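> Respectively, the protein sequence lines represent chains A and B.
Here my numbering is used: the first residue of the first sequence is 1, the next is one more, and so on.
Here my numbering is used: the first residue of the second sequence is 1, the next is one more, and so on.
If you're looking for bench data, these hints aren't it; they were derived computationally from the structure.
Please note: incorrect hints may appear among the correct ones.
All copies of an identical chain are treated as equivalent in the list; a pair is satisfied when it fits inside any one copy or across any two copies.
Unchecked claim - In silico DMTMM-like links for lysine to aspartate or glutamate, alpha-carbon gap of 20 Å or less: (1) K278 - D335; (2) K595 - E528; (3) K588 - E528; (4) K630 - E649; (5) K630 - E133; (6) K458 - D509; (7) K278 - E362; (8) K278 - E14; (9) K458 - E162; (10) K595 - D168; (11) K630 - E83; (12) K595 - E520; (13) K82 - E42; (14) K588 - E362; (15) K630 - D64; (16) K458 - E358; (17) K449 - D38; (18) K595 - D335; (19) K458 - E129.
Since this is a predicted model, take the numbers as computed values, not measurements.
Given next are the chains, with one letter for each unit.
2 protein chains.
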Amino acid sequence: MAASKEGFLEAKHEGVALLARERAAASFNVRAMTHLLDGGEEATAEKERVAAMVEEHAVLQASDRYFVGRQESLARAMQKFKEIVRLTLAAGLDREDGVRMYYYVNEPMPTSLHHGMFIPTIQSQGTDEQRAEWLPLAAMFSIIGAYAQTELGHGSNVRGLETTATFDVETDEFVLNSPTLTSMKWWPGGLGVAATHCVTHARLMIDGTDYGVHTFIVQVRDLEDHTPLPGIVIGDIGPKFGWNTADNGYLAFDSVRIPRNQLLARYATVARDGTYTKPPHEKIGYGTMIRIRSMIVAGASDALARACTIAIRYSAVRRQGTTRGRDGGEMVVLDYTMQQHRLLILLATAYAFHFTGEYMMELYRRLQADLEDNDLSVLPEVHATSAGLKSMTTTVTADGIEEARRACGGHGFSQFSGLPYLYTWYVPAVTYEGDNVVLALQTARYLIKSCRQAADGKPLSAGVAYLSARPGATCAAANPADMGRLDVLAATLAARAGEAVRAVTGRLDALLASGVDYDEAWNHLMVELCAASRAHCEYSVVRNFAAAIATVECPDLAGILTALCRLYAASRIEADLGSFLAQGYLSKGQSQWVKDIVHATLAVIRPDAVALVDAFNFPDFLLNSALGRKDGDVYVGLVEAARSAPVNEHLRPIIDKSLFSNLHIPSRL
Amino acid sequence: MAASKEGFLEAKHEGVALLARERAAASFNVRAMTHLLDGGEEATAEKERVAAMVEEHAVLQASDRYFVGRQESLARAMQKFKEIVRLTLAAGLDREDGVRMYYYVNEPMPTSLHHGMFIPTIQSQGTDEQRAEWLPLAAMFSIIGAYAQTELGHGSNVRGLETTATFDVETDEFVLNSPTLTSMKWWPGGLGVAATHCVTHARLMIDGTDYGVHTFIVQVRDLEDHTPLPGIVIGDIGPKFGWNTADNGYLAFDSVRIPRNQLLARYATVARDGTYTKPPHEKIGYGTMIRIRSMIVAGASDALARACTIAIRYSAVRRQGTTRGRDGGEMVVLDYTMQQHRLLILLATAYAFHFTGEYMMELYRRLQADLEDNDLSVLPEVHATSAGLKSMTTTVTADGIEEARRACGGHGFSQFSGLPYLYTWYVPAVTYEGDNVVLALQTARYLIKSCRQAADGKPLSAGVAYLSARPGATCAAANPADMGRLDVLAATLAARAGEAVRAVTGRLDALLASGVDYDEAWNHLMVELCAASRAHCEYSVVRNFAAAIATVECPDLAGILTALCRLYAASRIEADLGSFLAQGYLSKGQSQWVKDIVHATLAVIRPDAVALVDAFNFPDFLLNSALGRKDGDVYVGLVEAARSAPVNEHLRPIIDKSLFSNLHIPSRL
Ligand SMILES: Cc1cc2nc3c(=O)[nH]c(=O)nc-3n(C[C@H](O)[C@H](O)[C@H](O)COP(=O)(O)OP(=O)(O)OC[C@H]3O[C@@H](n4cnc5c(N)ncnc54)[C@H](O)[C@@H]3O)c2cc1C
Ligand SMILES: Cc1cc2nc3c(=O)[nH]c(=O)nc-3n(C[C@H](O)[C@H](O)[C@H](O)COP(=O)(O)OP(=O)(O)OC[C@H]3O[C@@H](n4cnc5c(N)ncnc54)[C@H](O)[C@@H]3O)c2cc1C
Ligand SMILES: [Ca+2]
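The whole structure should be built from the sequences, with the hints applied where relevant.
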């Protein structure tokens, strides 16, 4: 855009005034909500301190992220990583600050799995000696580790992995091999360019016997020149749906020898003479898994909150349509009830998931204590529910980000909206740490087991206590106000979950009784099983949300949170009314009340919508969005961003005269 | 991947055998289905001829698409355009071949709107003189045109556009101006780098009077050196969610003068003295719109069919899970009923949309004839339905592509799957040519009008005849077989649409009667209005599909198409059972039959799944997918693609020793 011609484009900063008006109308104190979400004033301060460091740091910027190609993105990610290492080692920041810094840098990195999986795996599966040997090297980044489990042909079904580790009793080594094409490791982050080492999963073979999949530490690249070690075939698997800053890689072994002490041997061991000792029953690992899943659920809330922040701020500024708004201009699109139905339910969902993430983290802490006392009573429930919650929350969040993007109309399709990046950054969460269908089925398995226990009159843990309710109950709500109570909504969701689990258990038993084998019966019922898992999880989320609200002292905060919880719960019922009606739990009249509650609650939340996204407290640089700018100056944001697009500098030469010289027309018609 | 180390990776070409087995089991002749879809043997031959030309042509390749950055993508797209121009001008290909060539090149292009909107707009809105002046220049590509309607601040609401065209009676010119920041043209394809001209929309101002939005032709760049003309601020709006090959741009006018004869004046005119003549009532334009929308609906089918082809072929080859398959190995994932529920319903949908696209195109042809006879009777219905169909089919297709991508697990996240590209290529269809919510509301408006006509006892056109059925009817199906008949399923969908339209009409009337103003009442009911539109459209699709099947002579083809139609219809009912139960049309028992029908029909279609996607006849180069390869050799495809990734050539240097030299550890631990 030629500078000389810009004067006439008088900027229209209307968005600033519109957002200010929204903020003035809020029913609650935004800062107080932020503290509530963060877990206290101090926690907010800690976050803001690290955010400021990242924002100010030249190397950690992402302001030109949307222009940078893959190679350059990867190179920069490595620079950022080194800088974070430098800062954490030199400036003496603690581990939590390091984690926060990664959060604000907001890119999958070649080194993400070093922290995320390499170190934790050695921690949990390594012997004391192995921990002592490897963890300091990893902590000082003298080595960079990856987590190499998945193979080209094997992801969900870990038991099917083909890589072999054959014990050679002569040399006291394991010999790693990739016997087939499908046995190549494929997808592990870090393998592409960064990793020097990895933990990897291979079938342990001793004397011709296959002892199943075990975990080993292997060096893959030279520490001096970073070239692959002999027998190692390694590289990057190529471009993905986003994730340009990550180096998911492949790896194959051609008779790679590692010493015996590189089998992670906390639970399973191989003696010098090849004697194998299998792991004892192991539930210790569950704690870690619940921690990771609570982080994923909290992360779902966080990602959805970002999408809501962008789309809601923009929708409060975007005027469109022939309908006149309250101020006589075109109506802002957030005032359309359809836009509210799309965005405010997502907002309620982001809040709902937040409190379930908190709840799970709390459970994890309690579990750690329980485990020390050898009390494993709540473990199976929490473990099973956490699988379903990972599945449900990540699917809903991925869909929700994309819905928010589309709700921004054309501008949502621009990278400058920040939403395309957010979507592709987030969406593999539906696949990694367990494919969402596979996880939902795990939860279903637990629910069926619990249902059978209930039938046998055995006691149930609190989260599935609804399974012991008598079938055929109906909703007691006598009027719309009743229906909108959080306990009534939660009971309604529990009733659906109960019916879904009972029904599918009954069908499973019937199939088994008729002689169908288990796998076939299971397969036959998968759609219902996944629905049962989801029903259970939606109930759990409402239960956790309502419980959290009960502890909020400030009435303003409790008030708006109650509205959000009501909206979330009622919208879940509205979206699946068929189930409630078919089981006869809701009458037709009650089902209409639920719809009315959704509608009425949208109107309650609308005036607080901007304040509710402000409370998430995302800095502008993190959202990296012209539409989600805190100041509301969205159009100036788009224009400034377009002006900085390199394409406008470089593309003139692609047009050549030859194309236009066919007819010898004058240059100006 | 070092060549020397590859020998040990023995390729496992199992996918080839698996797909061959699938194909051998098909119940129908694939080639016959292809001809049916294409509209005859000759049509298939024409497509295949052009496909072969594109496949063999060096310049038109897309084999390295996933590695190419934005600038380079744009430059190549211009090259491809020039090559297509050269081929069509020189090799004497006809217009339809040109269109087919663009189809197989499969990229949004800087010149797409030249054909798509620039030429058609002049065609439909230009006077005979204007057509004679501009169309030959455009046809010979002496000029490249864009369609510049949308502004930074105005998309859906065209009446809100701010750009002005002020008549200067002195000079007999219009003076174009962009009075505000939000009045900048923003999004038009072609403006970024390619366009020399555009048709643009501006408010016609004569003597201080605003005559509303009119359409003008403006030159924006010099034909010799391609620099912006004086007063033109123009450029590219920057990176998007994909669409790297397109140059959506911005444009602002600073007192740009154009002669009076550049107002497109077929319907509205300005005389030499400034006298304005407004357009007569104009319905001619509807024909064109219906044609475009029928192309969009057909395009939805096509895009969804591509996603199904990739995901279904891959799922028929991908083994995963502890369940044993029929051959004793791990089960192929397409044998899981959940995977079938996800993918085969999408497959049925792709077929269903195809026949609605055909139906609309047929209507368009009939309309053209009717219009000549001045018979406009079916026009309003077709016009209104086509808005809703555009909305419904594009949303379902976008969601469906992404669902298919996720159903491929981790490998679906690789660009090499072809699915990320397909998604971002397709998804703006939910926004352009009318935001999908805005369009659904247009259809709802028509449905309400028709409902009132029905109440007044006036005759209805066939597509909305269901509105005159008595309310409160119930489904007569006495057993599951009855329920699965296409006419019964269609009647069920019609009943829901009827109830939805009647209910929302009643609520609207009640609100209006209570004194609420129209816009507010309308806004209040938007969620129900959109649901009514969708219900109408789903019924329409089933109606068209069933009607098309009735004309198919070959029993094998009719048989499998009937199963697809049944699955589509039953799945639409299953997805919204609440509506059918709440209105009392279906009993609880019948609602269970519908679920059972879905389940049973998945099993019927499963053995034909691969053949059904084969019938779409997409060449491998178009899918550009390692997972969707016709030969099933998916793992070899992924490995070969990764091997060719430039990142594996260029990234070594980003790792430097400094990072690993902290502790002076030996290079091999
Ligand atoms: C961005 C990204 C990063 C990753 N990082 C790592 C990493 O660092 N280290 C690593 O080891 N791996 C990594 N992975 C791999 C990831 O763990 C796997 O992709 C994931 O476990 C899913 O497995 P899959 O890809 O084999 O899918 P599949 O299991 O092949 O799934 C394909 C389809 O089959 C269905 N399906 C599979 N099994 C069943 C069943 N039993 N019942 C019903 N349906 C079934 C699924 O629902 C899905 O629709 C990463 C993947 C991605 C996308
Ligand atoms: C890839 C791409 C290519 C394009 N190419 C061109 C081109 O060549 N030429 C051109 O002129 N334009 C082009 N456009 C612009 C396109 O036509 C507009 O984006 C489209 O019309 C939608 O309008 P909008 O962006 O203003 O969305 P908005 O209308 O601002 O929509 C924002 C939100 O408000 C809601 N909303 C808006 N109005 C109403 C209402 N009345 N009632 C209820 N809800 C409402 C919408 O549902 C949406 O959720 C292109 C856009 C894209 C993405
Ligand atoms: Ca969706």
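> Does each hint hold? Answer for all of them.
Consistency of the hints with the structure:
| no. | hint | in the structure |
| --- | --- | --- |
| 1 | K278 - D335 | neither (63 Å within a copy, 34 Å between copies) |
| 2 | K595 - E528 | between (25 Å within a copy, 10 Å between copies) |
| 3 | K588 - E528 | between (23 Å within a copy, 17 Å between copies) |
| 4 | K630 - E649 | neither (29 Å within a copy, 42 Å between copies) |
| 5 | K630 - E133 | neither (48 Å within a copy, 50 Å between copies) |
| 6 | K458 - D509 | within (19 Å within a copy, 56 Å between copies) |
| 7 | K278 - E362 | neither (32 Å within a copy, 70 Å between copies) |
| 8 | K278 - E14 | neither (69 Å within a copy, 34 Å between copies) |
| 9 | K458 - E162 | neither (42 Å within a copy, 71 Å between copies) |
| 10 | K595 - D168 | neither (68 Å within a copy, 56 Å between copies) |
| 11 | K630 - E83 | neither (28 Å within a copy, 47 Å between copies) |
| 12 | K595 - E520 | between (39 Å within a copy, 19 Å between copies) |
| 13 | K82 - E42 | neither (28 Å within a copy, 62 Å between copies) |
| 14 | K588 - E362 | neither (39 Å within a copy, 42 Å between copies) |
| 15 | K630 - D64 | within (19 Å within a copy, 40 Å between copies) |
| 16 | K458 - E358 | neither (29 Å within a copy, 60 Å between copies) |
| 17 | K449 - D38 | neither (37 Å within a copy, 52 Å between copies) |
| 18 | K595 - D335 | within (19 Å within a copy, 38 Å between copies) |
| 19 | K458 - E129 | neither (44 Å within a copy, 88 Å between copies) |
The structure fails to meet hints 1, 4, 5, 7, 8, 9, 10, 11, 13, 14, 16, 17, 19 from the earlier list, while all remaining hints are met.
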